[in-house]
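Student: Residue-level listing of the chains:
Protein chains: 2
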Amino acid sequence: MKENDIQRPTLIINEEQARANIKRMADKARNAGVRFRPHFKTHQSALVGQWFKDQGVSSITVSSYSMAAYFADHGWNDITIAFPINLRELDAIQELASRIELGVLVDSSATVSALEKQISRPMRVWLKIDTGYGRSGVHWDQTEQIIQLARQLNEVSHLTFRGLLTHAGHSYHVRGSEAIQAVYRESTQRLQSVRTVLLDEGFRTVELSTGDTPCCSVVYDFADVDEIRPGNFVYYDLMQTQIGSCSDGQVAVTVACPVVGIHPDRSEIIIYGGGVHLSKDSVELEGHRVYGCLAEMDGNAIITIRRDAPVTGLSQEHGVIHVPSDILNSLQVGDLVYIVPAHSCMAVNCLRR
Amino acid sequence: MKENDIQRPTLIINEEQARANIKRMADKARNAGVRFRPHFKTHQSALVGQWFKDQGVSSITVSSYSMAAYFADHGWNDITIAFPINLRELDAIQELASRIELGVLVDSSATVSALEKQISRPMRVWLKIDTGYGRSGVHWDQTEQIIQLARQLNEVSHLTFRGLLTHAGHSYHVRGSEAIQAVYRESTQRLQSVRTVLLDEGFRTVELSTGDTPCCSVVYDFADVDEIRPGNFVYYDLMQTQIGSCSDGQVAVTVACPVVGIHPDRSEIIIYGGGVHLSKDSVELEGHRVYGCLAEMDGNAIITIRRDAPVTGLSQEHGVIHVPSDILNSLQVGDLVYIVPAHSCMAVNCLRR
Numbered sequence: 055m056k057e058n059d060i061q062r063p064t065l066i067i068n069e070e071q072a073r074a075n076i077k078r079m080a081d082k083a084r085n086a087g088v089r090f091r092p093h094f095k096t097h098q099s100a101l102v103g104q105w106f107k108d109q110g111v112s113s114i115t116v117s118s119y120s121m122a123a124y125f126a127d128h129g130w131n132d133i134t135i136a137f138p139i140n141l142r143e144l145d146a147i148q149e150l151a152s153r154i155e156l157g158v159l160v161d162s163s164a165t166v167s168a169l170e171k172q173i174s175r176p177m178r179v180w181l182k183i184d185t186g187y188g189r190s191g192v193h194w195d196q197t198e199q200i201i202q203l204a205r206q207l208n209e210v211s212h213l214t215f216r217g218l219l220t221h222a223g224h225s226y227h228v229r230g231s232e233a234i235q236a237v238y239r240e241s242t243q244r245l246q247s248v249r250t251v252l253l254d255e256g257f258r259t260v261e262l263s264t265g266d267t268p269c270c271s272v273v274y275d276f277a278d279v280d281e282i283r284p285g286n287f288v289y290y291d292l293m294q295t296q297i298g299s300c301s302d303g304q305v306a307v308t309v310a311c312p313v314v315g316i317h318p319d320r321s322e323i324i325i326y327g328g329g330v331h332l333s334k335d336s337v338e339l340e341g342h343r344v345y346g347c348l349a350e351m352d353g354n355a356i357i358t359i360r361r362d363a364p365v366t367g368l369s370q371e372h373g374v375i376h377v378p379s380d381i382l383n384s385l386q387v388g389d390l391v392y393i394v395p396a397h398s399c400m401a402v403n404c405l406r407r
Numbered sequence: 055m056k057e058n059d060i061q062r063p064t065l066i067i068n069e070e071q072a073r074a075n076i077k078r079m080a081d082k083a084r085n086a087g088v089r090f091r092p093h094f095k096t097h098q099s100a101l102v103g104q105w106f107k108d109q110g111v112s113s114i115t116v117s118s119y120s121m122a123a124y125f126a127d128h129g130w131n132d133i134t135i136a137f138p139i140n141l142r143e144l145d146a147i148q149e150l151a152s153r154i155e156l157g158v159l160v161d162s163s164a165t166v167s168a169l170e171k172q173i174s175r176p177m178r179v180w181l182k183i184d185t186g187y188g189r190s191g192v193h194w195d196q197t198e199q200i201i202q203l204a205r206q207l208n209e210v211s212h213l214t215f216r217g218l219l220t221h222a223g224h225s226y227h228v229r230g231s232e233a234i235q236a237v238y239r240e241s242t243q244r245l246q247s248v249r250t251v252l253l254d255e256g257f258r259t260v261e262l263s264t265g266d267t268p269c270c271s272v273v274y275d276f277a278d279v280d281e282i283r284p285g286n287f288v289y290y291d292l293m294q295t296q297i298g299s300c301s302d303g304q305v306a307v308t309v310a311c312p313v314v315g316i317h318p319d320r321s322e323i324i325i326y327g328g329g330v331h332l333s334k335d336s337v338e339l340e341g342h343r344v345y346g347c348l349a350e351m352d353g354n355a356i357i358t359i360r361r362d363a364p365v366t367g368l369s370q371e372h373g374v375i376h377v378p379s380d381i382l383n384s385l386q387v388g389d390l391v392y393i394v395p396a397h398s399c400m401a402v403n404c405l406r407r
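Chains as they are written, first to last, in the working numbering: chain E, 55 to 407; chain W, 55 to 407.
So that you can see chain E by itself, here it is in the shape it has in the complex (with noise of 0.2 Å):
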């Protein structure tokens, strides 16, 4: 699109740079020897979907029925729905496994005996546990209910226990890349584990994946895992410069939007664009709270992201943003501005209808 036919907040995809950062996580997956799943939650488009086919990718992650459901439509036959089973969606999560290799996930018995129950098509399915994050899954310490978990799912039979999955989103907590191998290294070695256990009570397969942008971007040994799941990394965002997962080049999507008002009192501007188009995610910047940054394009590639233009508000269609005087005086109303999000994934979900 050009920039001159942009009226409205416009998602920005630098495709070179989206399928470079494609590239670099396939290419380091297939020299670790890992299954590459990479998570479709981030940019939810057949057409970025392509681009993974490009490199070779066949296995897909999404966190919703209504995602697998899409890219099953588009063609996608290998999709984990790396989500608690919704129970009030069983019936067409089962039609759906009756047309595509499924994987769903599981953390308790009584989502299990549901299974039993209600499914009668084959449905690969994944123990999910609870590595630190503490969000979902079984927490991994807990052995006995692992254990009991894994026999149930063994003596339904269309259900196969392919293994153990984890998020551990806990690496967002944390700043740089030493950081973040060590959530890496601690996650991988609880997993590890727990699969001695099952391995010793007589499990003869137990697959581990795991996967998120931040350990996913700095790890290379993938060795003790059999797959990863990243997803962010596609595009990534000002979040996953600041934990250290990526470079400023390497971010792929900004947000275009056009400037509405200028208060050179306030060392603002206001642009159009607003919460539901950059989401109200926010990430912290120098102890304050910023929902994205300004950037300096060169076409859709960013050049530098500019901190020290962060967007310090956002109502429903406004937002704001403080900037030094350099970038105050070179604008008009009526010039677009490019903003780096916050989390990308957010805002994207609100710019791809």
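Rather than coming from a laboratory, the hints here were simulated on the basis of the structure. Incorrect hints may have been included.
Since the list gives no way to pick out one identical chain from another, each pair is judged satisfied if it fits inside one copy or across any two copies.
What the hints assert, rightly or not - 20 Å max Cα-Cα, derived DMTMM-like pairs, lysine to aspartate or glutamate:
(1) Lys56 <-> Asp145
(2) Lys171 <-> Asp389
(3) Lys77 <-> Asp302
(4) Lys56 <-> Glu70
(5) Lys107 <-> Asp127
Fit chain W to the known structure of chain E by using the hints.
Tutor: Same frame as chain E, now just chain W:
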């Protein structure tokens, strides 16, 4: 929709309560003798628009050209776009102005110059005044600038200078009826002082337009203004109950979410309902940032907002709710829970697709 049919995060509107909220505000405006121009950005729905028509509403407010075009296509022909006019949409805005009575906002000389050059259709123009919120508009004490802008507008034959418009959004930062009323009084006095200056300068008609849900909810005497533009009040939300704009029972919106995980050890449940459903807008509750609270329901009506069961975390698709033991013990995986969102405008925008 029957509860058994709900499979995914679903917006639940209590029509009876929403209609009562509309009637109450319409009655207040009528009794006060001011024009009621409700903001439709909260619901963005032609169906809900009909509920306003049923109360005699014929003039509305929106916050984007896109919304204005949508409602124009649904029979509304008196619309103000209460957002600094976006110069990149002038062609479309002009086309719309040829079909309906369109009001727009300006707050800079550069914008008026652009309108003068590029617009030929009649348009009503409001000067946006900042009465203390600090987002858009000319600051109320910049009298010279305001006079110049009004003169500049009067010199453009196809533009009609309609008056002064403000959004006292800082009413969201206070708590309790008295504090909200103080915001209203101060904001309105500032608007009036600007009007007095303009009348002294020879301007004939200078209408005053104000509108924010907290002020319009607790103020009854609107004698000092000509028009009110609240929007959120149609549904209200958790934020408005905390501000003191409404009672819990007046909240007309919840989001039904399937329970996908129960973690008694952490007193937490996991729901299918994340940032893409509830938005990541939050409100402070007893010192903590929360994204909503669980509600006890009677059909679509809220009986009690359980502030002891707050949504403490939101990922893209997951929500984490901290729950007391009575709720924990009553729930099973696969049940539905109802969440009062922190900010209904944002949650409705997420879920209205």
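Student: Could you run down the list of hints and mark each one as holding or not?
Tutor: Evaluated hints:
In this homomeric assembly, Lys56 and Asp145 come within 20 Å of each other (Cα to Cα) only across copies, at 17 Å, whereas the closest approach inside a single copy is 45 Å. Only between protomers do Lys171 and Asp389 lie at most 20 Å apart by alpha-carbon distance; the minimum there is 17 Å, versus 59 Å within a single protomer. In this assembly of identical chains, the alpha carbons of Lys77 and Asp302 lie at most 20 Å apart only when taken from the same copy (18 Å versus 52 Å across copies). With identical chains, the CA atoms of Lys56 and Glu70 are at most 20 Å apart within one copy only, with a shortest distance of 17 Å there and 47 Å across copies.
In this homomeric assembly, Lys107 and Asp127 come within 20 Å of each other (Cα to Cα) only inside a single copy, at 15 Å, whereas the closest approach across copies is 41 Å.
Checked against the numbered hints given earlier, the structure satisfies every one of them.
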